[in-house]
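Chemist: Please take these sequences and the hints and turn them into a complete structure.
Protein chains in written order, with our numbering: chain R, 1 to 440; chain U, 1 to 312; chain X, 1 to 328.
Think of the hints as simulated: they come from the structure by calculation, not from any bench.
Keep in mind it's a predicted model, so treat the numbers as computed, not measured.
For every residue, glycine included, the Cβ atom is placed at its ideal position computed from N, Cα and C.
One should not assume that every hint holds.
To be verified - Just some of the chain X residues that point at chain R, by a computed CB distance under 8 Å:
id, residue
1, N9
2, L90
3, Y94
4, A96
5, V98
6, I109
7, L114
8, Q242
9, F297
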Amino acid sequence: MKVRPWRRLRASSRAVALLLLTLLVAPLTLWLASSPASAADTLCLPDDKSACLAGTIRSEEDVVPDAELTVTGPKGFEESVTTSETGKWNVKVTELGAYTVTLDEESLGDDLEALDTVGKTNVAKFKTTRAVVIEVRTTNYSGETSWIEYFTKSAISGLRLGLLLALASVGLSLIYGTTGLSNFAHAEQVTMGGLLGYAVINLGGLNLWLGGLIVVIICGFTGWLQDRVMWQPLRRRGLGLIQLMIVTIGLSLALQYVFQYFVGARSVRVVKENPETFNIGFVELTYQSVAAMLISIVVLGGVGYALLYTRIGRATRAVADNPALAASSGIDVDKVIRLVWTASAALAGLSGILYALVTGNIKWDSGMQILLLLFAAVTLGGLGTAFGALVGSIIIGLVIELAPVAHVPGDFKYAAAMLILILVLMFRPQGLLGRAERVG
Amino acid sequence: MSDHDQSTQLAPPAGAAEPGSTKSDPILVVDNVVRHFGGMTAVDVGHLEVQRGVITALIGPNGAGKTTFFNLITGFDRPTAGAHWSFDGSALDKTSASRVARAGMVRTFQLTKALNRMTVMDNMMLGARGQTGENLFLSWLKPLWSNQEKEIRDKALGLLERFKLLDKQDDYAGSLSGGQRKLLEMARALMSDPKMIMLDEPMAGVNPALTQSLLGHIQALRDDGMTVLFVEHDMHMVRHISDWVVVMAEGKLIAEGKAGEVMANPVVIDAYLGAHHDTDLGDDALLEEGSDMEEQLADEVAEEETSREDQA
Amino acid sequence: MDTVINILNSMAREAIAPQTAAVAIAVIGLNVHFGFTGLLNMGQAGYMLVGAYGFAISVREGAPLPVAILIGLAASVVLSLVLGLPTLKLRGDYLAIVTISAAEIIRFIGRQPLLENVTGAAQGIPGGDYRVPFQDLSFLGAGQTSFGPWNYFNTGVNGWWVRVVAWGVVFLGVLIVWLLARSPWGRLLKGIREDEDAIRSLGKNVFAIKMQALIIGGMFGALAGMIYVLPSSVQPDSMGRQLTFFCWTAILLGGAATIFGPVLGAVLFYATRIFIKGFANATVPDSIMNTQQTEQFSWIVVGVALMLLVIFRPQGILGKKRELQFNV
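Modeler: Have a look at this one:
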């Protein structure tokens with residue numbers, strides 16, 4: 001293969017390609033799993049004695065029909081296949097082993113080229129479909145601008161994720177600050193917001209705005225109720241913080257399966273329609289995600305204002321600072337904590353419904369998946385500080401979404417968040433905005 | 001002050017009240033220990049020497065930084081920068097709490113850290129140094145440590161007898177009274193044969209009947225040749241048993257000397273006694289620690305209830 | 001009546017299942033962490049997964065059985081060091097946050113399509129890839145043996161052999177923990193659980209001892225993971241956070257810081273769960289709760305049981321009420 005211009009521009013673009021490839025595998029497998037009917041072109045159904053190899057050839061602009069591929073495999077297996085109108089191809093094989101798929105670059109036409117013409121896979125068992133990805137680009141595709149584009153898109157997603165995380169983590173941090181409790185069930189409050197959104201808006205048919213408002217109110221009420229019937233009595237009982245933490249873990253487990261009991265293990269959506277999109281420059285955005293970001297900013301701003309300038313906000317910070325002192329200076333600590341639980345649950349619910357809208361789906365363990373990010377954000381910012389949680393969330397959101405830009409493949413981005421968590425604990429355990437604790 | 005006449009020849013020669021004065025045979029030398037919390041300076045001690053073999057009291061008003069200073073020199077907190085101090089000739093800065101203790105400087109805590117859900121005897125046994133059985137790799141072979149364990153137990157029994165806790169040896173430490181826990185903590189510290197024992201408010205929350213015996217124990221330690229440094233609020237106690245008094249206020253050393261002289265020092269009176277010159281500081285201290293005592297009482301009541309439930 | 005006997009039989013089968021034994025071993029490890037030392041390890045399933053991967057991959061790549069076991073254990077030691085070094089000097093809940101996160105990340109990474117050739121991605125590693133050397137060790141021979149409700153092949157994939165070995169390891173684990181707990185080292189652990197500053201003030205290296213406890217408990221976790229996968233396959237999703245929570249429920253059920261509590265807790269936990277499922281299946285009509293939902297219902301009961309246990313009987317079945325095993 002001759003050296004392409006874009007390849008000269010970025011020496012490490014092979015890694016980028018690898019990454020793009022991984023990014024593309026996920027939707028592809030989704031397609032393979034969810035809708036065999038849509039692959040109407042020529043369907044390959046694996047049975048007990050066969051397996052399928054399949055894939056879609058697409059460039060960054062469109063799918064590529066009529067591309068020619070050759071599949072070779074064990075025992076001299078060789079078969080040629082041409083992609084369909086939708087760029088799809090598949091081959092049925094009857095032997096287990098390693099297969100190689102080679103794209104005939106000539107068949108692409110002059111304005112397309114392949115990043116790597118060869119794709120490999122290993123068929124380990126029958127009755128499965130293996131996805132093989134071969135990445136194709138237009139010849140005028142520039143690695144340089146694409147990187148900037150990629151970076152910008154990721155940065156915007158990162159900011160968006162950060163804002164959504166912030167909605168949830170501010171509450172987590174406030175609960176920690178006022179009660180000393182690490183609430184492992186906070187993530188389930190997020191899930192609850194998304195699933196209630198599904199129930200009220202998708203199933204109930206309510207208007208999105210009205211439905212969203214109702215969901216947030218219900219979520220806030222669950223927070224109020226939790227403190228009323230559980231946390232406050234347990235505090236009065238003098239249950240230790242570690243016991244309380246284990247109680248939150250039990251609650252988290254119970255709630256997850258309550259969700260699964262009613263909704264099942266499938267992903268659901270808050271709105272039925274696909275979101276409408278618009279473009280700013282080369283960045284494509286959905287109206288929903290822009291609205292989600294704006295709502296987050298306004299709400300977070302409101303929370304910040306309330307904490308800084310209102311009586312109840314100052315009382316909250318006083319309780320977080322020193323509950324005994326706050327109590328002795330006439331602040332009703334129980335009332336403040338009740339409010340914190342209510343507000344935190346409402347914020348988490350808002351975060352959940354926005355998360356479900358932005359990512360397009362929510363399921364019983366969605367919250368649990370971001371719990372790690374919430375804890376990383378809160379620890380990074382400084383346990384117990386609301387503003388620290390905000391800063392930490394934005395940073396974690398950016399790291400998560402920008403990690404693929406920096407050649408961190410797939411779910412390894414969570415490992416990046418973990419790495420940050422560990423580094424923070426090693427070098428600045430009180431977090432970015434936290435104060436060092438007094439010992440003894 | 002007649003009760004410690006026999007020890008005056010051990011005390012530093014001069015009765016001078018210069019803070020940071022040199023001693024003839026210092027066991028602990030502290031230089032430039034500074035600790036900031038946020039913008040506030042909690043401790044800023046330029047120079048301090050503690051004489052070997054005497055009882056030194058560290059006094060000062062609330063918030064003077066006495067406990068923080070204790071935490072710093074025992075490795076439980078880190079000075080902000082540039083500190084240097086040494087114990088018995090070896091440097092201690094940048095040393096962890098456990099190494100400080102191993103160097104022979106063992107402390108107790110203001111809020112007693114008796115291990116409540118372990119027996120008094122187990123508490124004592126933990127104090128002993130250099131136990132073979134505490135090595136993970138040898139711990140599962142009982143013959144390797146059973147003899148040593150017997151020796152440690154005997155030593156613990158001796159100390160428990162001295163501190164009048166012998167009949168409590170199989171009780172949970174949590175079931176002891178506040179004062180008994182203080183005694184236990186002190187006895188446990190002695191299990192490691194320290195060169196210097198540092199007591200953080202040993203009399204706080206202790207009922208008056210036990211206070212006298214505590215004082216007796218502290219003096220007995222000094223008579224055995226041990227160095228004692230203690231933090232205290234209660235002026236009467238300080239007056240009774242200390243050979244030397246160091247005064248801190250707002251994180252700084254402001255005076256040191258014999259008890260009588262220090263208490264007559266106008267600087268001390270200003271800083272420490274302040275507007276409350278006429279009031280009895282001892283009472284103040286007791287009042288403050290009252291809540292602590294109530295807590296301990298509540299704990300004990302709860303403990304008794306649980307034990308009753310258990311029997312039922 | 002038949003239903004009752006069926007439920008009792010399946011409870012009995014579940015009680016001695018190799019996976020119950022595996023969880024008992026994991027709980028023994030968790031007991032070293034939480035029960036004796038007060039360490040909040042919320043990622044015991046992560047240790048199990050690491051051990052299972054280390055073991056299964058080594059055997060598949062041709063390592064002899066003992067070497068593979070050592071590699072699995074070594075992997076857990078590395079994990080303990082990575083998680084312990086930054087957190088063991090800090091307040092307890094940091095370890096909880098880091099362990100729960102690490103366990104999830106290990107699972108995510110194991111599922112990575114990029115690692116398909118190593119971990120088998122989401123499909124996992126089939127048992128046949130690593131089971132053979134273990135089965136070859138069996139001296140029980142071929143055939144089938146019946147004993148009450150228990151009827152299994154002597155060797156087989158999921159027969160008597162793996163049961164005998166698994167419960168043998170449980171017994172060894174109990175023995176080791178008993179030896180350690182009665183020693184001065186065990187006394188140190190309890191002291192650290194009670195108040196680590198006090199132990200520090202007595203000149204003990206608290207950090208090192210906590211690290212030792214973390215490593216030992218983690219090694220039990222890794223061993224548990226190896227046994228857990230022997231009769232089945234290495235499935236990253238079967239060793240997720242739920243499994244950690246089972247371990248916690250089991251330890252609180254049996255009694256933390258007791259010698260037999262973990263084993264009793266694990267057996268009771270699994271038998272009870274089967275009972276709840278069987279009972280709900282038999283009594284509640286499908287229109288109210290279908291089979292899928294009884295499964296979920298049993299998990300909800302686990303979560304609620306965990307909460308109630310902590311609140312009302314934190315000492316568990318075998319624990320002494322006077323010696324409540326928590327750092328308050």
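Chemist: Let me make sure I understand: some of the numbered hints might not hold for this structure. Which ones are they, in numerical order?
Modeler: Violated hint: only 1; rest satisfied.
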